[in-house]
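J.: So the chains spell out like this:
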Amino acid sequence: MKNSIKTIILGKKIPLFLDSGKQLKNFKIAYQTYGKLNKNKNNVILICHALSGDQFTAGINPFTKKPGWWSKAIGPNLPIDTNRFFVICSNILGGCLGSTGPKELNPATKKFFNMSFPVITIRDMVKAQKMLIDELGIKQLLSVIGGSAGGFQALQWAATYPENVISAIPIATSFRHSAQNIAFHEVGRQAIMSDPDWCNGNYIDKKKTPKKGLSVARMLAHITYLSEEAFQRKFGRNLQNKLSVAYGFKTDFQVESYLKHQGQTFVNRFDANSYLYITRAMDYFDLPNQKKGSLKNIYKNTPVKFCVISFTSDWVYPTKYSKEIVDSLNAVGANVSFVEIQTDKGHDAFLLDEKEFNETVRGFLNSTANIMGVN
Amino acid sequence: MNRLDFEIIRNVIATPKDTSMILDVPMILDVGCENGKLLKFLNKRKKIDGRGLEISQKNVNICVKHGLSVVQGDADKDLIAYPSKSFDFVILSQTLQATHSPEKVLSQLVRISKYAIVSFPNFGSWLVRLKLLINGIMPQSKSLPHTWYTTPNIHLCTIKDFKKLCEKNSIKIEKSFYLNKYGKQINNPIGKIFNNFFSTSGLFVLKK
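Those protein sequence lines, which keep their order, are chains S and W. When we follow this note's numbering, the leftmost residue of the first sequence carries the number 1, and every step to the right adds one. When we follow this note's numbering, the leftmost residue of the second sequence carries the number 1001, and every step to the right adds one.
Bear in mind the hints are in silico, worked out from the structure with no lab data behind them. Virtual Cβ for every residue (Gly too), placed ideally from N, Cα, C. Please note that the accuracy of each hint is not assured.
Just the calculated beta-carbon pair ranges, DEER-fashion [what the hints assert, rightly or not]: (1) W:H1100 - S:A179: 53 to 59 Å; (2) S:L352 - W:K1192: 56 to 62 Å; (3) W:K1168 - S:L352: 51 to 57 Å; (4) W:V1025 - S:N83: 25 to 31 Å; (5) W:S1176 - S:K139: 46 to 52 Å; (6) W:K1164 - S:T312: 26 to 32 Å; (7) S:E324 - W:V1025: 25 to 31 Å; (8) W:P1083 - S:K6: 40 to 46 Å.
Can you make the complete structure from the sequences, with help from the hints?
T.: Here it is, written out as structure tokens:
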């Protein structure tokens, strides 16, 4: 199984300087590629995954044996067409599918990092991705695409490395975490940390897993990823394998069963400490704060072409935040498109097969590729 | 079908009065770009860096699908966000009459552009006058197809009105085009002199 993870060691000569002031040397980044790099190396698209995603964005995920999280959008003849583009997706720094994170061994101490892993930020993740593409000999990305926390990374790429990015597609995302975003994350983290099996973060050494805590965190988060309408449409008040309520506290409703299933499948594939670190990185994300509190300062004179996409029923990162990004980009004369997709599927709509969304991504990418003379 | 004024807009952009001011690939903003047909039309003949502002999200989505850089927005509210002189040309084709505050929109157009191209239906046309005179009801025509109670055109004006407004705001009219109901430019001298009477719509290149 380990063989299906492609990893690269980075920071061998120059370490990764983290926002926290700490450094990471000899860290691993796991990544996947799809399609072929062309001769001019100008057909590269970087996909940034969200909180619970991984590098297996297209095709079949070798661990879950299920289609990759964006397999409906990436592949031959799909909106992100691997016949034309070379797609890279890496497991984010702090992730748990091969990249260095809390569940990996600290090369310096030969012990598991656990909570001694440094607190990281979205910008740290992006810096690690930049080191990866440098190592792969790629100078310029035709596009950086990501939804949710992946959208943070896309925005951060355009902010930190504007000369290396032709275009960015931030999807269902925002330029900073709101109080409500932080609040939901904090409940999730508290659920994990109050699980006795969390063992102050040292559960690997104690051969335990804080399954209950992580599962509750996922259940809660999952509610925010859908919408009231979507829940109602999918489940209503339908009962789970019974004709009437049981006057007890076992699963009565389908929606309960669904959430429990979401929680259980998540603990099998995700690391609880990774969840803590990545949600923290998201909470710390505050792009305007990186330049005197103004998003306009961030993108002044930017050469990057943007396509901002939001979804009407997304209440994690509602359209108004995308609009604010768009207004700031317009104010500095940047090349920006903005599309809001009508859907009742909530925040997770970007992962689903929304026709309008797919066509937007396809149209934007192909026109950008045509301008850049990508064959 | 293309709007009647497309050809003229294309010619204006292809032959600017002062070429030194205009970039090789001119930056153009089409305000009220609908489904992007003008931008696409312009792009076909000359390389442009075209952007669009469009009020209907549905139209915006169509534009972006076709690879155009378009954002959802409102001419009355959102032009203010663009920096001064950030476009070589800003186009407002057959939309001025539908804005809430034509005077403010006009001022914004000349602020953010080197040249603003504005066209609108002429309510002073003899056809309109005749219809109103004979029928006594709000005139409807090809360029003004709506009934008075469904029309988005809340600020109709005549060419004379428009010129007065430009004067009031010290906006210079660089070029004027007077069009008949077939969208053809009126070239005979009488028609040109009595343009407010003979033309169905007017197109002006403005500067401030």
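J.: So which hints don't hold here, by number, going up?
T.: 1 and 6
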